[in-house]
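Q: Listed below are the residues making up each chain.
There are 2 protein chains.
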Amino acid sequence: MARVLVTSGPTRQYLDPVRFLTNGSTGRMGQALCQALQDGGHQVVVVSGPVEVAYPDGVEVVAVVTTEEMLSACQGLLPACDGVVGVAAPCDYRVEHVAERKIAKTGQPLLLRLVETPDILATLGEHKGDRWMVGFALETDDRRFRALAKLERKKCDLMILNSPQAISSVDTRVEILDPAGDVVAAIAGDKRSVAARIVAEIEHRLVRRG
Amino acid sequence: MARVLVTSGPTRQYLDPVRFLTNGSTGRMGQALCQALQDGGHQVVVVSGPVEVAYPDGVEVVAVVTTEEMLSACQGLLPACDGVVGVAAPCDYRVEHVAERKIAKTGQPLLLRLVETPDILATLGEHKGDRWMVGFALETDDRRFRALAKLERKKCDLMILNSPQAISSVDTRVEILDPAGDVVAAIAGDKRSVAARIVAEIEHRLVRRG
Numbered sequence: 001m002a003r004v005l006v007t008s009g010p011t012r013q014y015l016d017p018v019r020f021l022t023n024g025s026t027g028r029m030g031q032a033l034c035q036a037l038q039d040g041g042h043q044v045v046v047v048s049g050p051v052e053v054a055y056p057d058g059v060e061v062v063a064v065v066t067t068e069e070m071l072s073a074c075q076g077l078l079p080a081c082d083g084v085v086g087v088a089a090p091c092d093y094r095v096e097h098v099a100e101r102k103i104a105k106t107g108q109p110l111l112l113r114l115v116e117t118p119d120i121l122a123t124l125g126e127h128k129g130d131r132w133m134v135g136f137a138l139e140t141d142d143r144r145f146r147a148l149a150k151l152e153r154k155k156c157d158l159m160i161l162n163s164p165q166a167i168s169s170v171d172t173r174v175e176i177l178d179p180a181g182d183v184v185a186a187i188a189g190d191k192r193s194v195a196a197r198i199v200a201e202i203e204h205r206l207v208r209r210g
Numbered sequence: 001m002a003r004v005l006v007t008s009g010p011t012r013q014y015l016d017p018v019r020f021l022t023n024g025s026t027g028r029m030g031q032a033l034c035q036a037l038q039d040g041g042h043q044v045v046v047v048s049g050p051v052e053v054a055y056p057d058g059v060e061v062v063a064v065v066t067t068e069e070m071l072s073a074c075q076g077l078l079p080a081c082d083g084v085v086g087v088a089a090p091c092d093y094r095v096e097h098v099a100e101r102k103i104a105k106t107g108q109p110l111l112l113r114l115v116e117t118p119d120i121l122a123t124l125g126e127h128k129g130d131r132w133m134v135g136f137a138l139e140t141d142d143r144r145f146r147a148l149a150k151l152e153r154k155k156c157d158l159m160i161l162n163s164p165q166a167i168s169s170v171d172t173r174v175e176i177l178d179p180a181g182d183v184v185a186a187i188a189g190d191k192r193s194v195a196a197r198i199v200a201e202i203e204h205r206l207v208r209r210g
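Top to bottom, those sequences are chains A and B. Reminder that position 122 of the first sequence reads as 122 in this note's numbering, one-by-one numbering, no gaps. Reminder that position 14 of the second sequence reads as 14 in this note's numbering, one-by-one numbering, no gaps.
These stretches of chain A come out as covered by chain B in the derived footprint (C-beta under 8 Å, 3 or more residues): (1) 10–22; (2) 91–102; (3) 107–113.
Chain A is nowhere near these chain B residues, computed Cβ spacing over 12 Å in every case: (4) E60; (5) E68; (6) S72; (7) A80; (8) R144; (9) E203.
Computed cross-link-like contacts, DSS-like style, restricted to lysine-lysine with a CA-CA straight-line distance of at most 30 Å: (10) A:K128 x A:K155; (11) A:K128 x B:K102; (12) B:K155 x A:K105.
Don't read these hints as lab results, they were simulated from the structure. For glycine and all other residues, C-beta sits at the position ideal for the given N, C-alpha and C.
Bound-form chain A, shown alone (with noise of 0.2 Å):
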């Protein structure tokens, strides 16, 4: 049995009080992941996004809107955990300037300037001692190659590698990533049935490991 950190759905990042940048993420899979893990007899803890989706009875769940709010959470956590899975899709992006009041609307253009938001699983593995980590790549083009590079940067055990399809749908495909850059496993179904053989290969591969 293993203590786990879950980390799910968008984050938002607000422009003013009212618009922010997000992504389509719903924390279905995020939550179909906690179940998972919970019937696998494991403790699970998960730092959610805004989501609508409820998450399993016994799963310690913290709330957080934006990305630097989610990182937070998750360095408090991390020290009490034996392995993390990263399944939410933090904003990546923020405005440099947030506005305090809402942006009237003049007739012209609106220039942004936005900066990169701090890497979660990236700042998490700079301090992960012997915990395991599972990221999650959301790829259009270079997939492969690109889920290989985000695996390496973010000090990851497996990538788990997706699609933009696979973020408000129902169902999904996935392809499981190891370090030596190996297709361990091909994965397609309900999210419910693709989580559940995630877990299975996180038991092989990490927790019976430790």
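Chain B: place on chain A using the hints.
A: Same frame as chain A, now just chain B:
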């Protein structure tokens, strides 16, 4: 009895296949207004951006993603409707050029040039004929003044003024402004009861006079 066109939920304006600009509208107020209109015996067609809520059975739902799609759907439906309730929170800026592929992070700032999307109610208002139109205004500053300016620009018959706190909460607090700038009602409560009161005002002031 009237045939009523309702707009509901947020819209999304994509930067690339993954990231988009939006707001926290959940569609709950739209859902409540559809229900209240239907309870009043009216026929309802709702044009809705991406939401997790379910609209009442018997309501015709047209699902859209972007502001341009919402406008286009409304323009097609308007001729057959007697009135419009515009409770959607359409994203009012879009990036000038949408990237076909996911924008890769480079470590450098990303400069975005946003341009305004078409104003749905103002555009519909130009061809409203003898139809009535009710708008919603979400303002953080100079609230009544800005709401009244919107009422005039959008050629609305009533403007419902609410605040950002309402956008993803269960409870809400609104003021109803008429074209003279008078607050004809101030209502607070859960969205369902507020929706019922708004529909009662619409029936009293707009539907019955037709």
